[in-house]
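Chain H: place on chain W using the hints.
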Amino acid sequence: MLKDLKREFGLIFLIPKNIYLPLSIFGIIFLIFFILDFDESFTYVSSFIASFITVFIISENTFKDDYNSGYIEQKLCEKQSLIFYLLAKYIANLTLVYLPMTLIAYLINGFGEESLHQLLLAYIVMLSTLYFFFNLGSAISIKRNNSLNALLIIPLLIPFIILVEEMFVAGKLVPNFNFLMAYFIFSASFINYAIIQILKIQSK
Amino acid sequence: MVLYKVTDLDYEIDSRVLFSNISFDIEAESMYEIRGNNGSGKSTLLKIIAGLIPSDSIVHLEDNANSVSYLGHKNGFVEEITLRENFNILGLKTNKVVFDIFNMNKFKNQKFFNLSFGEKRKAALLRIIASDTKTWILDEPFAGLDAESINTLKKIFQKHLSNGGCIILANHQENIEGSNLILLDDHA
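Heads up: the sequence lines are chains W and H, in that order.
Residue 99 in my numbering is what sits at position 99 of the first sequence, and the numbering runs on without skipping anything.
Residue 1148 in my numbering is what sits at position 148 of the second sequence, and the numbering runs on without skipping anything.
Think of the hints as simulated: they come from the structure by calculation, not from any bench.
Just so you know, even glycine gets a beta-carbon here, dropped at the ideal spot from N, CA and C.
Heads up, a few of these hints could be off.
Here chain W is said to cover these stretches of chain H; the calculated rule only asks that three of the stretch's residues, wherever they fall, bring their Cβ under 8 Å from a Cβ of chain W [what the hints assert, rightly or not]:
1) 1022-1029
2) 1069-1076
3) 1086-1098
DSS-like cross-link-like pairs, simulated, lysine-lysine; straight-line CA separation at most 30 Å [to be verified]:
4) W/200 - H/1005
5) W/200 - H/1096
6) H/1155 - W/143
7) H/1096 - W/204
8) H/1108 - H/1093
9) W/3 - H/1111
10) W/64 - H/1005
11) W/143 - W/79
12) W/172 - H/1111
13) H/1074 - H/1111
Isolated chain W (complex conformation) (with noise of 0.2 Å):
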């Protein structure tokens, strides 16, 4: 685990191109819903769509170069532990990418002062049941290069994507934040599990 976390933080700080990336694209869409000065409601969306769009972008390529280079199949070969190679994929990203993005949401947009903790925290699981949906697409689609199966994970997100807007849009955040963990740990762990399974096929 440690060596795996060590390479995946490693690779996020000699290749600065892994932070400021999902840091600029996130900016510069709040930039543009910014601009277009929408009512305080829309602010929430705005900060939605913008890490709906981030994650997207950015999850294309999280096992893209490790399958090009053979490193997935060089782990598989030497029976390394997939899981742990996800895991530090995922703490170095939720490190250096998501709890950024989730401030400078929380800078632009602000959260209700009430229950300020609960929000971030909430932003925080939405950002990572994304991740873990949106690699599920990456994992499908990596011997193809292209996007097209990564829309297709869209559909599941659907119900999450209601619960998410009625947490911050119309701040009902029980039952709503519930739902959103049930969704993280449902995603964290079967669809973790389907991406080392299709990965397995995929390096054959």
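Then chain H, alone, in the frame of chain W:
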């Protein structure tokens, strides 16, 4: 000591039989050379042995977790960073002794994408050599290497065997002395 036992192994891709009824044992402290023409299934057989392609015809008699190093057709390195950085993020030794093996010291601070095919292959072989694993599974390890590097690699192979290691490799270049041949021609 037998590491892998292969019995009546068959494999076909899109109804094309690559090989059928292959049986052999792979023992420690030995070298196995899989030979055959292009498309005869050398790489596929290596992947089956490594466990990437599941098969009921192969039994892993030893727990090979953390004791196998694999080198396929691809090198497994990140192109945008230097050779030394690649070794660093993988937690491998980056001392002079390692890079001196194939005279790679002068290239260690170069971006990986700036290296030639042969240099990249040497770097990938260094990763295998620097690892402390017993079993090496190598797909065409001599591809792209010059004569001097091939001789160096053969000496390293002998040293690894004398240290109790096992080497399984696919090869269609010159024979390696003392290796056990697994021939895949004519649907062996």
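Self-check item: Hint numbers not upheld by this structure, sorted from lowest to highest
Solution: When the structure is compared with the hints, numbers 1, 5, 6, 7, 10, 12 turn out to be violated.
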